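Add chain B to chain A, keeping to what the hints say.
Protein chains in written order, with our numbering: chain A, 1 to 248; chain B, 1001 to 1383.
Check each hint, because a few of them may be wrong.
[To be verified] A short list of chain B residues far from chain A (calculated; beta carbon distances all over 10 Å):
#1 Glu-1051
#2 Asn-1274
#3 Phe-1295
[As the list claims (entries may be wrong)] Listed below are the simulated DMTMM-like cross-link pairs for lysine to aspartate or glutamate, each with C-alpha atoms no more than 25 Å apart in a straight line:
#4 Lys-1374(B) x Glu-71(A)
#5 Lys-1374(B) x Asp-17(A)
#6 Lys-118(A) x Asp-162(A)
#7 Lys-78(A) x Asp-1297(B)
#8 Lys-76(A) x Asp-162(A)
#9 Lys-76(A) x Asp-1299(B)
#10 Lys-1374(B) x Glu-170(A)
#11 Lys-78(A) x Asp-1377(B)
[Said to hold, decoys possible] Which residues of chain B face chain A? A partial, calculated answer using Cβ under 10 Å:
#12 Met-1001
#13 Asn-1010
#14 Arg-1283
#15 Asp-1297
#16 Leu-1301
The set of hints was computed from the structure by calculation and includes no laboratory data.
Small disclaimer: the values here were computed from a predicted structure and weren't measured.
For each residue, glycine too, the CB sits at the ideal point set by N, CA and C.
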Amino acid sequence: MTPLVDVQGVTKVYQRDSQQLTVLQALDLTIAEGEYLALMGPSGSGKTTLLNLLAGLDTPTDGSIRVAGEEISRMKPKQLAAWRSRHVGFIFQLYNLIPVLTAVQNVELPLLLTPLKKKERRDHAETALRIVGLEERMDHYPRQLSGGQEQRVGIARAIVTDPTLILADEPTGDLDASSAAEILDLLTRLNTEFGKTIVMVTHDPHAAEQAGRTLHLEKGALLEQRIREGHGAALASAGSDAVQEREP
Amino acid sequence: MTRGTIVRANLRRRLRRTILTVLGLAVAIFLFVTLRTFLRTLQTVGDVGSESRLITSNKLGIVFPLPLAYRARLTSQEGVHTVSYATWFGAIYQDPRNFFANFAIDAESYLALYPEIVVSDAQRQAWLADRTGALVGSRLMEQFGWSVGQTVTLTGTIFPGEHTFNIRGAYEAGMRGFDERSFLFHHRYFDEIARISGGDGVAGWYVLGVSDPERAPAIAQSIDASYENSAAPTRTQTEKAFNLAFVGLYGNIGFFLNAIGLAVVFAILMVSANTMAMSARERFSEVAVLKTLGFTDTDVLRLVLTEAAVVAGLGLVLGLGGALLVFNLGSFDLGGFIPGLVVTPQIALVAAGIALLIALASGAVPAWQSARLKVVDALRYVA
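Isolated chain A (complex conformation) (with noise of 0.2 Å):
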C-alpha cells in the first residue's frame, strides 16, 4: 500500500554567509495514513526543518518528497500555497494566534482561502472549536484566554480545513504540565477517533510517547525509531516501512 507520505533522499543545505550548512542529509522516511509520529532530537538536529519540508513551507535542495500522491518538492510557491491550505494543518509552538481576531475568526482563517460561503464558513469554524472544547470562549480574544486554551484554539484552526496531514511543532513547549497534558489528549483523540495524520516535533519524552512512532534525528540524520507497542502491524498494512526497522 502506498505511504501517505514518502520522503526519498531528501537533503537540505542552507547557505550561510559563504558557508554552508547541511541540516538533512539523504533522509529516507515514509508515514503512514493516519500515523501519530513524533520526531525528536536535540536542537539543530534538523526537526523543524523536516517539519517545514513536510509541510510546503520550504523545499529540499535535493531528494522528493510525496504527499498523498503528489510531488511537492518540485513545486512552485504559488502551488505551495495552494496545497497548504487543503493538506496542512500547522500547529505551532508559540500559538501564533492573531491578537485582533476572536478565537472563531482565528479558526476561520483558513477558510478563507476555500469557496465555502460565509455562512458555511462559520459553521466550520464553530464545529472545530466544539471539537477542542471551547465553544463557550468563541468570541474571545487570543488576550482573554490562557496558554492551553489559545492552543486549543491554534489545533481547531489546524484541524478546520479536514487537512491530509496535521504538523505541531513543538505544542506543548510553551505549556504547562496540566495543559500540555489536555493538548497531547486532544491530539491522540484527533489521532484515534478522526483517524488523523499527525507529525509533531518535541523536545518532550513523554509527548513522544503518546505517538505510535517516535523518530530521533541528529545531525541531519534519522538515528533510530520506537514504535509503541501494538503498532507493528496498523502501520505495516497502512503503508509504513516502520517495521522493516529495528529499535537499537
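What follows is chain B alone, placed relative to chain A:
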C-alpha cells in the same frame, strides 16, 4: 468573517495610531487643496475683470489720486462710452479687525458699467435718492447682521471721524467670483467728508467703458499720452490687466507659499507613510502565519495595500471634504479679498491622485517585503 474583517481588525489594532495617521494625512491633503485653491484663484482672479472696461489710475500708484477734472476729457475720448470713478475710503466698522472694502463711487455711471452688481430696482432707486445711502454686498450684510434700512457708522482711518450711512440696498454678484463684500456709497458724500481735510475734488481711479475691447490698448495708450506731461500722469489698462497687476503684488508671496506649503505637506506625508510602513512591518510574524495557512504572496500584498488604501482614503475624505466644506459650501474668501475660492474638480482629482500615491508609496514597500518574505524566514519573527 471576510478579508475585510482582517483589514478592519488591523486598523483597530492601534486605534490611536490609525486615527493620528488618518488625521495627519487629512491635514496634509487639506493644506494641499487649500494652497492649490488659493494660488489658482490668485492666478485666475484676472478672469473676473472685463476686457471692455479700462482702469485709469495715477501712474505713480493707486494710492495717489487723480483730479476729478479729468472726467470731462476722458468722457470725450473716442471709443469710450461711459466714465465712472471710485475712491478708496478705508474706514472700519467698530473694530479694526472688521476690515472690508469700502469705497465711494459715482453711483449711476458705476452701476451702468458693472452689470455684475445685481440689485432690485426699488433698492437701487432708494439708494440713488439718499445722499448718505450705501449699497452693500449681501455677504457683508450677512457677516455683520445688517439689514436694509439700518443706519451704520464707520470710523474713518484715512478720513478721520465717525461717518454715518443708511443702508439702502444689498447687492448680489451677477457672476461667480465677483465680490459680494464691498460697501459702496456716493462719491458726492465722500467729497463732503474729504472737504474738511482738503481731500475733495479727486478720484482714486476712473473706470471707462469701451465699445470695442479690441481697441482698448490703443485707447489706453492715447489717454496716457495725453496726460504724460501733466501734474498727475495716468496709467490706463484693462480691468483684467489691472487685477492681474494687483495680484502681481502677491507674486513672491505666492512663490513662498507654494514652496513652504508643499514642503510641509511633503513632510507630513513622509511621516504618515513611515507610520503606515512601520505598522505593517510589525506584523511580519502574522504574515508568516497567514502564509503557513496557505495565503499566497498576492493575498498578503492585497491585504497590506488595502489597509494602506483605507487609511489614505479616509485621509482624503476628511481632508478634501473639509476643504470642500470650507470653500465650496462655506464660501470662505479671506474677508472678501479673494472672492471665488473654490475647490475645482481638477484640484480634487490631484488630491485624490496624491492619496493614491500615498497609499501606494506607504503600502508598497511593506507589502512587497511581506509578499517576498520566505515563510521559513518569516516564522523566525514569531519566536
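For each hint, the structure was consulted:
| no. | hint | in the structure |
| --- | --- | --- |
| 1 | Glu-1051 | holds (63 Å) |
| 2 | Asn-1274 | holds (22 Å) |
| 3 | Phe-1295 | violated (7 Å) |
| 4 | Lys-1374(B) x Glu-71(A) | holds (20 Å) |
| 5 | Lys-1374(B) x Asp-17(A) | holds (17 Å) |
| 6 | Lys-118(A) x Asp-162(A) | holds (17 Å) |
| 7 | Lys-78(A) x Asp-1297(B) | holds (8 Å) |
| 8 | Lys-76(A) x Asp-162(A) | holds (23 Å) |
| 9 | Lys-76(A) x Asp-1299(B) | holds (16 Å) |
| 10 | Lys-1374(B) x Glu-170(A) | holds (21 Å) |
| 11 | Lys-78(A) x Asp-1377(B) | holds (17 Å) |
| 12 | Met-1001 | holds (5 Å) |
| 13 | Asn-1010 | holds (6 Å) |
| 14 | Arg-1283 | holds (9 Å) |
| 15 | Asp-1297 | holds (7 Å) |
| 16 | Leu-1301 | violated (12 Å) |
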